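K.L.:
Same order as they appear, the protein sequences are chains A and B.
Residue numbers for the first sequence follow our numbering, so the first one is 1 and each next one is one higher.
Residue numbers for the second sequence follow our numbering, so the first one is 1001 and each next one is one higher.
Hints listed in this document are in silico derivations from the structure and should not be mistaken for laboratory results.
It should be emphasised that the depicted structure is a prediction, and the values quoted were computed from it without experimental measurement.
There could be a bad hint or two in this list.
[As the list claims (entries may be wrong)] Here are the in silico distance ranges between beta carbons for each label pair: (1) B:1030 - A:37: 50 to 60 Å; (2) A:150 - B:1180: 35 to 45 Å; (3) A:216 - B:1291: 12 to 22 Å.
[As the list claims (entries may be wrong)] Every beta carbon over 10 Å from chain B, so not counted as near; a handful from chain A, in silico: (4) 108; (5) 114; (6) 127; (7) 184; (8) 203; (9) 205; (10) 208; (11) 267; (12) 307; (13) 312.
[Claimed, not checked] So, partial list: chain B residues that the calculated Cβ filter (under 10 Å) puts toward chain A: (14) 1125; (15) 1129; (16) 1217; (17) 1226; (18) 1227; (19) 1291; (20) 1298.
In this text, a Cβ means the ideal position worked out from N, Cα and C, and glycines have one as well.
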Amino acid sequence: MKAPDGLDGVPVLEARGLTKLFKVRSERGAGYRRGRVLYAVDGVNLALRPGRSVALVGESGSGKSTVARLLAHLYPITAGEVRLNGRPTRPRFARARRAYARNVQLIFQDPFASLNPTHRIRYQLTRVLRLHGYARGRDQTAQVLEDLLARVQLTPANQYLEKFPHELSGGQLQRVAIARALAARPLVLLADEPVSMLDVSIRLGVLNLLAALKVQERLAILYITHDIASARYFAEETLVMFLGQLVEGGPSEELTQRPAHPYTQLLISSAPDPSKRGVRTEGRPPRAGGRPSPEGCRFAGRCPHTMPVCRDTTPVVSDLGGGHWVRCWLHEPASAETVGASATRPDQQEVARP
Amino acid sequence: MSTDWTARPSATPADADAVLEIRGLRVDYGAGAHAIHAVNGVDLTLHRGEVLGVAGESGSGKSTLAYAASRLLRPPGRTVAGEVTYYPAGAGRQEPGIDVLALPPERLRKFRWTELSVVFQAAMSSLNPVLNVATQLTDALEAHRPGMTRRQCLARARELLELVNIDVARLSAYPHQLSGGQRQRIMIAMALVLEPEVIIMDEPTTSLDVVVQREILARVMELRARLDCSVIFITHDLSLLAEIADTIAVMYAGKVVEIAPAEVLCQTPSHPYSAGLLSSFPSLHGPHRTLVGIPGLPPDPRALPAGCPFHPRCGEAVAACSRDVPALFALGQRHQAACLVREAAAHAELNATDSRQASPSLPGRAER
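Chain B on its own, in the form it takes in the complex (with noise of 0.2 Å):
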């Protein structure tokens, strides 16, 4: 993250309770003077049994960053800054967690599926259809697992089918076979067969119907109460969201425009992009009122605005907003927003009401 007085380490310690840091991550496609930065600069800490939504749109990052933080990026992508830090269960932090980025190849298979699994979004295309499901349930515990006989692998397939709803008959299915939200379902029961701490949930209900959606949230929440894992959720979907996540981080060509706990960034967004987001939802109730939606097209990430890079849509931009680079500054406890317009209100607030006030210390993730 650029520096500023916001990226000062305040008083308090690091979160005690962080699973998954990623402090100043940036990845780039390609090199050089044509790199396009797909992720630039990202702070997020996802904590234990929290489920952190990360919103934006196509081209914002944030399936990068997914495939960043789980080593899955393949070129021409590269992560060239950063850090991805994860904090094994009763480590402490005494113990300096695990650099993802840094882990030798024998050791990253073994931290993908028992700690960190992902579920991506074409099911589709993610399931081998040669192949049924007994045998793609079974195949990362055959790997992983060796001293497990046969019958065992299969009994733990068969629970995994009865944890996310689908008929244990369907072990013997290819993918061909079953519908959209069951291979979906059986992409889950796939990141879940070793019990990771984290889930990777890369638009996982994207392609489905609502109603198909609504079921597999339900079951995501069920089994992250049950088996106590974190999840961190990445969709377009914002009013999704608003009911599933804890905490909220909303991406705009490659950075974190605003994060802050689900029901406040929803209720008092602060950054003109998350505003808009939010009034972007036809609702089902209250009156009828025509939406504006936002102006204007999504930026072309190889040729970014100067400046903030919402400025050209958005309704509130001042002069500065082409030429600065708006930081994630501080609007409350657990809120932070990149926008140069609410910073300045932020700050004459602050000096208008409580002179004596030192200007607001972030509760201390921002950055070590």
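Bound-form chain A, shown alone (with noise of 0.2 Å):
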């Protein structure tokens, strides 16, 4: 994918075609096929570069997890890459998958749930610096963590050290999820709905956090979301996700106030919005039922829009400049003729699936 205008800079990380396929069970009643896959994640293209944030935003099952968990490799990838500073990576050992999480860190949704619940924060933290050879002697392992917490807010650090998972809030504790993943001295965070399970007074704390960290040490981060309003907020470039393609992208602001995949709007307008104070529920936005179907646009079936090619043909990508494309036949200037074309742009590699 081009940088978009004013996101310029070489990537850190890149996602090139990323595809990951996952058989389904036979499943009687549920309208599954046996042997049928499904492709939680379709040919992602996506790039992030060192300070900057790239919002992922979709629904739950619209495959966003999945995505950071291949860009951590920490599942197998069915086609595509990741480019680590421009090198593809495949890491398939122990030496090689610690070498490349010392670049690549992830922070999950749950802070109760990935921390382990019988060990200190002190011990926590002390394993990442031990795994990655960064604590040597007692007085810089204690110098190391007192940064780190102080990095994260968490100050002092003595305070917190000797405390056990269940001792700590939620904000707290997805604080020190942070810390861990910094003590491996990251280029890369993966931040998946880091917020969602916090208290809403203390969800722009640690968004707040995250978005210093981003600046003052040049990280360059995933933020995956179900809150449109918050990758607006905390990232310069937004990707919308639907069924495990990229449907939507471009400059945070740009896509917010100018969306234009259907999607996308729906998105929008279902948020629930402060300065939309007062106004009523109007009408269900639209949702037919139905699987989308291989070929074709996958959102056609619960699309206001939706014309014949949108249920024979795959849409193309359709650049509306300044960085911002969509993935919707609404968009296509001459759509039926131009298919063979675009399909082979060279941004827009199409990914030889298995």
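Both chains come to you apart, so use the hints to assemble them.
P.N.:
So this is what it looks like as structure tokens:
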């Protein structure tokens, strides 16, 4: 994908045609046939740059967490590649995995589940330092730990180091989880819904902390969320995902103010918006049943603007200028004729499906 | 509620259209010196046909309030004080209403489902995994309407599924075959089985994503209009309440710190906590600005700060805030807040502008 204006810079982590297939168990009554596969992630291209954040927005089941796991090499990739500093990566053994994890760290949604309940905070952080060879000697370790907790605004450090996870609140735990990620001195943070489990009044604190780290430490951040308003607040660039495919992307401000894809428009109109105070819930959003067809647009079943072409042919990417692009037939100037030409655009290489 | 001038009953009689009245409710977890006061003196009135939104963070006591009001509280939770009164439709205020907390077991069983039902937060765990949808929907019918035949029960179940927009074929499905949104809608359908007057919804959309959430809210609003029931909607998401609730009560540390009509609370919040909550949501529109949220952490209910429980996080706290416990005072028609700073400011303003006017009287719903 082309670097949108103002978002240039060499990507530190890049996904090209990232695809993940899951085999679906035969499940009678649910409509699955035997041996059916699910494209959890289908041809995703994205680039993370130092000091920048990209938001990945979508509803549950859209595959956004799978993207994070693929980027972290927690799942084997079906097709496509993940490039770190321009080099393709496919760590297979422990040593390579650890080296990769040193650069790419994950933060999970639920801090109560992502920290080991049986160990003190000191152990959870020290272990990372040991694994990556950053802890040498007691004094140095103590210094590093204090520094880590200071960076996530947990001070004084002594008050937290000897605590067990159950003794801390959700916001504090998520800060510990961020400190644990920072302990590996990563280039990239993959934050999978980092604030959605937290109380409303402390969400902003954690988001602002991530934003500060992004600037101060030149971290590249992938911010996965279902809350498009927080994507606008936090990330320079936003990508919208629907059933495994990226359907729209661009600078966050442009995308949220002029959403082009009907799904993005649906997401935006569904978001509770404090500035729409007192406005009553209007009619239900369009949502028809039915599974997406393998051919055609995946949103066709729920889209209020479905045309015949949407059901037959996968939409191509249309450039709307300024780095804003959309995968929708509504925005293709001469839809049917250019299908062949657009499909082979260099920035949209179709991934060969196995 | 603590006693002061705000607690005096005003001239107007208690609301004629109240359907559920909660008075001075206190709920403790545990007993003795170590008891945690989860709900610490709450007064709320639910009016007929109203959506009363209760907003608060985890640990604010909002769910405990719902459990206590529906007598679902389990030990170590105990309702130590207060009254919950239910006024059936058409009873009028001559009748004393039903004292929910004193209902004997048999009456309580009848009261639940027919008069009041609850939709719980975790639809995943609130449905029985080994019973199909039809059985779960007809369960309450069979218990409460012994005269109904199986066929009639199933017809009613079908009707309910249509009401919540789920394919009737799903009657034979088991919970694990349904999506989260469908399960939540089944829960709502169950709550509607006997068309109760009052539905308490405890975070019904919290685990769902925004599109499904919007769908369910639209359904709830539609059903409320059609069935003319009253809803207590409990959530941590104030921006959601801004859209659907008629009245919003904000809870903090077991107390209602502000209550007002939704528009009033969202446009001119008085309590610093409400104001902080409202500015904690990034907006989709308007200029980009850095939001600060609320500093600090929600209080530990085991060790609440002295005075106003919010004072350690409050940017406007004065010395008195760490000493005196604020009580709700009236700011206007149906608008009350519990904040010493605001109260002092309101008094000063009142004295300055109109010294003849007596202190603002509550419009009747403060205390008996």
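K.L.:
Does residue 1227 of chain B hold up as a contact with chain A if the rule is Cβ-Cβ below 10 Å?
P.N.:
For residue 1227 of chain B, the interface hint is violated, since the closest Cβ of chain A sits about 16 Å away, which is over 10 Å.
K.L.:
Can we trust that residue 108 of chain A is non-interface, i.e. its beta-carbon lies farther than 10 Å from all of chain B?
P.N.:
holds, 16 Å
K.L.:
Have a go at the residue 1298 of chain B hint: is there a Cβ in chain A nearer than 10 Å to its own Cβ?
P.N.:
Holds. Min distance 6 Å.
K.L.:
Hint residue 1217 of chain B vs chain A: min CB-CB distance below 10 Å?
P.N.:
holds, 5 Å
K.L.:
Compute the least Cβ-Cβ separation between residue 184 of chain A and chain B, then decide whether it is above 10 Å.
P.N.:
holds, 27 Å
K.L.:
Confirm or reject: residue 307 of chain A is not an interface residue toward chain B, with every Cβ-Cβ distance exceeding 10 Å.
P.N.:
Its Cβ never comes within 10 Å of chain B, the nearest being 22 Å, so this holds.
K.L.:
Return the status of the interface hint for residue 1125 of chain B: holds when the least beta-carbon distance to chain A is below 10 Å, violated otherwise.
P.N.:
violated, 16 Å
K.L.:
For residue 208 of chain A, is the shortest CB-to-CB distance to chain B above 10 Å, so the non-interface label stands?
P.N.:
violated, 7 Å
K.L.:
Falls inside 12 to 22 Å, the C-beta gap from residue 216 of chain A to residue 1291 of chain B?
P.N.:
holds, 19 Å
K.L.:
Against chain B, does residue 312 of chain A keep a CB gap of more than 10 Å to every residue?
P.N.:
holds, 25 Å
K.L.:
Given residue 1226 of chain B was flagged as interface, is its beta-carbon under 10 Å from a beta-carbon of chain A?
P.N.:
violated, 14 Å
K.L.:
In terms of Cβ atoms, is chain B entirely out of 10 Å range of residue 205 of chain A?
P.N.:
Violated, because the least Cβ-Cβ distance between residue 205 of chain A and chain B comes to about 5 Å, which does not exceed 10 Å.
When each numbered hint is compared with the structure, violations occur for hints 8, 9, 10, 11, 14, 15, 17 and 18.
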